[in-house]
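2 protein chains.
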Amino acid sequence: MKLKNLVGLRFKERPADCVIDSHALMVRGGYMKYVGNGIFSEYPVLHRITAKIENIIREEMNRIDGQEVLFPVVMPAELWQESGRYDSIGNELVRFQDRSKSKMVLGMTHEEAAVHLVREYGQSYQQYPFMIYQIQRKFRDEARPRAGMIRVREFTMKDAYSFHTSQEDLEQYYAKCYDAYNRIFQRVGIPEVVTVASDSGMMGGNISHEYMLLNEVGEDSIVLCSECDYRANMEAAENIVENISSNNLAALECIETPDCKTIEDVCSFLKSDVESSCKAVVYQKNADDAFVVAFVRGDYEVNETKLRNLVGEEIHPAEITADSPLVAGYIGPYGISDQVSFYCDNSLKGIDSMVAGANKEGFHYVGLNLERDLENVTYVDIAKVKDGGICPCCGKPALTIKRGIEVGNIFQLGTKYTKSMNMQYVDKDGATHNPIMGCYGIGIGRLAASVCEAKHDEYGPIWPISIAPWEVHLCCIRPDDEQSKKVADDLYEELKKHNVEVIYDDRDGVRAGQMFADADLLGVPIRIIVSPRNLKENSVEISTRDKSVSDRVEVASALDYILNLKEKMYSDILNV
Amino acid sequence: MKLKNLVGLRFKERPADCVIDSHALMVRGGYMKYVGNGIFSEYPVLHRITAKIENIIREEMNRIDGQEVLFPVVMPAELWQESGRYDSIGNELVRFQDRSKSKMVLGMTHEEAAVHLVREYGQSYQQYPFMIYQIQRKFRDEARPRAGMIRVREFTMKDAYSFHTSQEDLEQYYAKCYDAYNRIFQRVGIPEVVTVASDSGMMGGNISHEYMLLNEVGEDSIVLCSECDYRANMEAAENIVENISSNNLAALECIETPDCKTIEDVCSFLKSDVESSCKAVVYQKNADDAFVVAFVRGDYEVNETKLRNLVGEEIHPAEITADSPLVAGYIGPYGISDQVSFYCDNSLKGIDSMVAGANKEGFHYVGLNLERDLENVTYVDIAKVKDGGICPCCGKPALTIKRGIEVGNIFQLGTKYTKSMNMQYVDKDGATHNPIMGCYGIGIGRLAASVCEAKHDEYGPIWPISIAPWEVHLCCIRPDDEQSKKVADDLYEELKKHNVEVIYDDRDGVRAGQMFADADLLGVPIRIIVSPRNLKENSVEISTRDKSVSDRVEVASALDYILNLKEKMYSDILNV
Chain A
-18 MKLKNLVGLR
-8 FKERPADCVI
2 DSHALMVRGG
12 YMKYVGNGIF
22 SEYPVLHRIT
32 AKIENIIREE
42 MNRIDGQEVL
52 FPVVMPAELW
62 QESGRYDSIG
72 NELVRFQDRS
82 KSKMVLGMTH
92 EEAAVHLVRE
102 YGQSYQQYPF
112 MIYQIQRKFR
122 DEARPRAGMI
132 RVREFTMKDA
142 YSFHTSQEDL
152 EQYYAKCYDA
162 YNRIFQRVGI
172 PEVVTVASDS
182 GMMGGNISHE
192 YMLLNEVGED
202 SIVLCSECDY
212 RANMEAAENI
222 VENISSNNLA
232 ALECIETPDC
242 KTIEDVCSFL
252 KSDVESSCKA
262 VVYQKNADDA
272 FVVAFVRGDY
282 EVNETKLRNL
292 VGEEIHPAEI
302 TADSPLVAGY
312 IGPYGISDQV
322 SFYCDNSLKG
332 IDSMVAGANK
342 EGFHYVGLNL
352 ERDLENVTYV
362 DIAKVKDGGI
372 CPCCGKPALT
382 IKRGIEVGNI
392 FQLGTKYTKS
402 MNMQYVDKDG
412 ATHNPIMGCY
422 GIGIGRLAAS
432 VCEAKHDEYG
442 PIWPISIAPW
452 EVHLCCIRPD
462 DEQSKKVADD
472 LYEELKKHNV
482 EVIYDDRDGV
492 RAGQMFADAD
502 LLGVPIRIIV
512 SPRNLKENSV
522 EISTRDKSVS
532 DRVEVASALD
542 YILNLKEKMY
552 SDILNV
Chain B
-18 MKLKNLVGLR
-8 FKERPADCVI
2 DSHALMVRGG
12 YMKYVGNGIF
22 SEYPVLHRIT
32 AKIENIIREE
42 MNRIDGQEVL
52 FPVVMPAELW
62 QESGRYDSIG
72 NELVRFQDRS
82 KSKMVLGMTH
92 EEAAVHLVRE
102 YGQSYQQYPF
112 MIYQIQRKFR
122 DEARPRAGMI
132 RVREFTMKDA
142 YSFHTSQEDL
152 EQYYAKCYDA
162 YNRIFQRVGI
172 PEVVTVASDS
182 GMMGGNISHE
192 YMLLNEVGED
202 SIVLCSECDY
212 RANMEAAENI
222 VENISSNNLA
232 ALECIETPDC
242 KTIEDVCSFL
252 KSDVESSCKA
262 VVYQKNADDA
272 FVVAFVRGDY
282 EVNETKLRNL
292 VGEEIHPAEI
302 TADSPLVAGY
312 IGPYGISDQV
322 SFYCDNSLKG
332 IDSMVAGANK
342 EGFHYVGLNL
352 ERDLENVTYV
362 DIAKVKDGGI
372 CPCCGKPALT
382 IKRGIEVGNI
392 FQLGTKYTKS
402 MNMQYVDKDG
412 ATHNPIMGCY
422 GIGIGRLAAS
432 VCEAKHDEYG
442 PIWPISIAPW
452 EVHLCCIRPD
462 DEQSKKVADD
472 LYEELKKHNV
482 EVIYDDRDGV
492 RAGQMFADAD
502 LLGVPIRIIV
512 SPRNLKENSV
522 EISTRDKSVS
532 DRVEVASALD
542 YILNLKEKMY
552 SDILNV
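Sequence lines, in order, name chains A and B.
Following our numbering, the numbering of the first sequence begins with -18 at its first residue and continues without gaps.
Following our numbering, the numbering of the second sequence begins with -18 at its first residue and continues without gaps.
The shape of chain A in the complex, shown without the other chains:
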């Protein structure tokens, strides 16, 4: 198509409200428009990209025997009451009443709808396994939408649900899907995406993986081992700490530590190491405000996700008042009120002599040894991994922490939904069971933005050819020059005839600089420049957006050159 007809404005100034590059470039390039908090419309440029991403995903889902279906955006509350999530999910789930006062929800995920769709179909073991998926809009009322398309409230998602009669069968399918996802990320041009073990959160189930694009603007912390293949989301990464015993236990002693309410204060006052101090972090259960104290070594932080999983219910940072059975700033595991439950992190194990709060205003214990002084101490893993930490896989102190954008996830759900929603099949012996589920998600818009974040320069995105809005950007920089116009027009027609997707800039009275700036913002991989100067030598200029190619090519050879270049770019993507 001709650029002059393309709906969407391009401009130079970086919008003040864009904190990450992909967002700024996609606003500046006329890809998206803000409609409301976390809600955007897509201009034609972005729609062309998302349509290509969707088709790649569709092909890969069909290749692993997925069958495309469609679930509703709006669902009756009953469906979510069946699974229990109508009550257990917070206000990310939009609830409203329809005209007849029936309670409805907006789909933020579709496990319930999937089980509902196949509950009758899946009554015999002979129907298994099967997988259904959809590509559909979802609305999740996020508290803090951010970073353009990275975290929004309304988004298009591919969500897939597989059903199995055994854990082994699920695991086999899960492995196929794991590979399909890797192919998807390769095909959209970000083969560098890594998988990490993750926490399943509210989805239920056990084993799950996230596909992470390592990138500074990501919201997730990823733990990677530089010595082996270990990778995990911070929320799921096991933290291993080895304290070396001096075999020299001091006596337990309660001493006055006036105005020492922080670990730093206490260590400085007592001239002790932070590594032999005990830090208390206090939470309350959402349900009844009961106190839960997490004790970790002074130099570690609490991993709330792990703690929450251990407690088995929702918790929030505590408010300690004068009435509380806790003395803020002086909380320690020895002598703590039996009205509170507490957990001791692995990082405290094996510390000979520890400094810890004495549960008494202005006092700490020194010489505390948990194994000796507490009855039945149990250690649990509730701390965050640190840079340089010990790898749970190879055992070397080689962990590093990076930021990542989650571009996909896969979950082994187990029977959480089939049990609660009473989906059963009869096996070949006539016995009934709940099928075992897996689910597999990719956010389309976030993936587009992530590719942009990974592949751009200061002038615009550098789209991989497989998802670029067009394959070729043809600039006729002097359309008032008769020869230039004719050569460019002819090339345009020839390229279209050969099924090349071309955006053709033949705008009158637009400076070459403006044309190039626009081309940079559209990020089309192959660029052709037709100009009177080049035509004097009977050639056109052909270059790539990533600057790896920049050639003068004879007019007569231009078409073949481009067809070859295009083919090479596609095969390069598959041969990474």
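It should be emphasised that the hints constitute simulated quantities derived from the structure, not laboratory data.
Since this is a predicted model, take the numbers as computed values, not measurements.
Errors might be hidden in some of the hints.
Repeated chains share a single entry, so a pair holds when one copy, or any two copies, can fit it.
In silico lysine to any residue, SDA-like type, Cα no more than 20 Å apart, as pairs [said to hold, decoys possible]:
no.	residue 1	residue 2
1	Lys400	Ser147
2	Lys409	Asn(-14)
3	Lys477	Asn43
4	Lys341	Lys367
5	Lys330	Val358
6	Lys330	Ile371
7	Lys(-17)	Asp553
8	Lys466	Asp46
9	Lys(-15)	Val407
10	Lys478	Ile45
11	Lys377	Glu535
12	Lys383	Thr176
13	Lys(-17)	Tyr106
14	Lys84	Gly17
15	Lys467	Phe323
16	Lys252	Glu35
17	Lys409	Val491
Given the coordinates of chain A, work out where chain B should sit on it, guided by the hints.
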């Protein structure tokens, strides 16, 4: 794919809650599943059909220079407040509050979102004309969803919006879109769809057309002329009535008509013709309950849409109480209270001597002549056309009334939205104007169901090949027979190799009758039956779902036969 893997159950019994055939067949065939009132999930079979319909629509929209975009399902109320529709639309528009108590709506149409997307882009006349469209889910909280996919609450719709700088330009584009729609209906296999002039309703604007599939189960009444091309929706059809004057005016007389509260009672009591009686139908304005009386000739019905357009605001059937300034059963235009507004229909014009209520309990006037007895009588068109009525186009008494399903609509919106939402462009002389809009909709699911309603027999749908879930249905009715299985397997592989979409039924232990019943429910146009009996003669059976073809074909020629048949079926669709 293999039928045994297809997700979705097929069954024989017609569901009790299905009032129309397409709904019953699409439930019985595993196309759709009820989720809630007017809300369905789509199984893979239906999704394959809707995907094909969407692609046909997309091609035709692109062909008339449409650019695909995407608007959000959820929008902030502010956007709809700008146009005024947040307040003017009833409870079909779902309104809710998000987690931060901001007012939101669910998109039931996207004029506001379209204007919002291009308001800045369209600031110069040089950008015009342009058209943007999307294919997206919508939710409209219908009071009475019915007939399966025909009238639902959540649906996928293609909605397009064009922008112009002159009425002439809009009309030119409108004509292009008019043709594109005809191509779409031809390509999906229902070229018999007709266009009718329609009322624009809440969309605003003037000229509009609906595309109607004439069908008994339709909700719309269509007025057609058997002598010329005139076609209109009942809501928009002009009603012409000619009363022949006898030039013999009687004197106005008020006479007692005890217990005559209906037209029939009065005519019978007075032995007069219904054609010289005056019927009153009473409404109230929604805003202030003020009475509005519509007078029509006794044998006509009031067309509420025309009346509503004339009144210029929402009205509802009146409740007449003892306090009302109206005497129920005895309401007439002569001597009516000046507290009520009234309208006299064209059908009353030229009646010499009329019977009409005397606005007094138990009394009617006879010999009423409106021109003589009322001051300044004006006649308006507020009655419904009747069978045999006069065609407003050719003037012959040749109107007939049929039922139709609306499968698409196109509107000339004018500046309703660009004015209210303050979208302006600067023309080449520097003056500012509001652009002129058109909008163009097609409901995808309703179109699929309409094709099914138009093309089915008692056993299942007869899908046109262009939108059929598969092109070929291959039945191996004795997969336990080695030769049958091999011939069928080979054909399956060959057909796939030649890009034929095949559904292959090689289920073991399923009776042939069951296989054929399933094939009928899937409605695939070409069927191949491989059986030991046919193979004795080295042939397979090839037939079409519409029964126009039924042949025995040698195994070796089967592939070519099918490829030719397939090609012919596609070209037949385009050559209707």
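Item to check | Ascending list of hint numbers which this structure does not respect | outcome: 4, 7, 8, 11, 15 and 16
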